[in-house]
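Participant: Sequence:
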Amino acid sequence: MGSRYNRGRIWKWLIVLAGLGFYFIRNRVKLPFKKRGYFQEKTLNDSALEAEIEAIFLKVQDAWDKHDLRALSESYGDNLYEKHEKILQKMSDKGQINHTRSVVLDGIMRYKEVKDNQFEVDLYFVAIDYLVSVNSGQIIAGNTQERRAFKQRWTFSGQKGALRVEKMKEFKI
Numbered sequence: 001m002g003s004r005y006n007r008g009r010i011w012k013w014l015i016v017l018a019g020l021g022f023y024f025i026r027n028r029v030k031l032p033f034k035k036r037g038y039f040q041e042k043t044l045n046d047s048a049l050e051a052e053i054e055a056i057f058l059k060v061q062d063a064w065d066k067h068d069l070r071a072l073s074e075s076y077g078d079n080l081y082e083k084h085e086k087i088l089q090k091m092s093d094k095g096q097i098n099h100t101r102s103v104v105l106d107g108i109m110r111y112k113e114v115k116d117n118q119f120e121v122d123l124y125f126v127a128i129d130y131l132v133s134v135n136s137g138q139i140i141a142g143n144t145q146e147r148r149a150f151k152q153r154w155t156f157s158g159q160k161g162a163l164r165v166e167k168m169k170e171f172k173i
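Under the numbering used here, the first residue of the sequence shown is numbered 1, with each subsequent residue one higher.
These are computed hints drawn from the structure, not numbers from a lab. Each hint can be trusted.
With a cut-off of at most 25 Å between alpha-carbon atoms, the simulated DSS-like pairs for lysine-lysine come out as follows:
(1) K151 / K167
(2) K172 / K42
(3) K172 / K151
(4) K151 / K90
(5) K112 / K151
(6) K66 / K151
(7) K167 / K115
(8) K86 / K66
(9) K59 / K42
(10) K167 / K86
(11) K66 / K83
(12) K115 / K83
(13) K151 / K115
(14) K66 / K90
(15) K160 / K42
(16) K172 / K83
(17) K160 / K115
(18) K112 / K42
(19) K167 / K83
(20) K83 / K151
(21) K169 / K59
(22) K160 / K59
(23) K86 / K151
(24) K169 / K42
(25) K90 / K169
(26) K59 / K172
(27) K42 / K151
(28) K112 / K59
(29) K59 / K86
(30) K83 / K94
(31) K115 / K42
As the structure is a prediction and not an experimental result, all values here were calculated from the model.
Please work from the sequences and hints to get the whole structure.
Facilitator: Laid out in structure tokens, this is it:
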């Protein structure tokens, strides 16, 4: 009689565990042992390419913070330049300024060639990012004191020494 009791108990626990597993899979619950979403390493095998990507990245962040993209005309693809100019104009029309300060590029990963003369990389960085009302000086969104983590996929075209950013896609971390 004792062995039947133990077998029944084992089956109940197996059913409970299977149900929990199904729940986690169905609801895509993030478990602590899953792969983390932020990396602090640079995995490119080409240090010159890595340095050029980082220089362009920092130039873009500085231009965005100053709301003046003219310095990026050589580093931006035409479509991306126009797109970002429109975004800045819309913010200006609303009386808003987006600041991106204290930027640190922590990771450059997942180099992948996508087309002839084009490749993409994932960039991991932290920055103080906030939106301010021009008229009142009030912070609309973000934080002026704490850095926030970002992950973006940038698509570049061209050769070393003449790279241009063609696309940027942001991921939630």
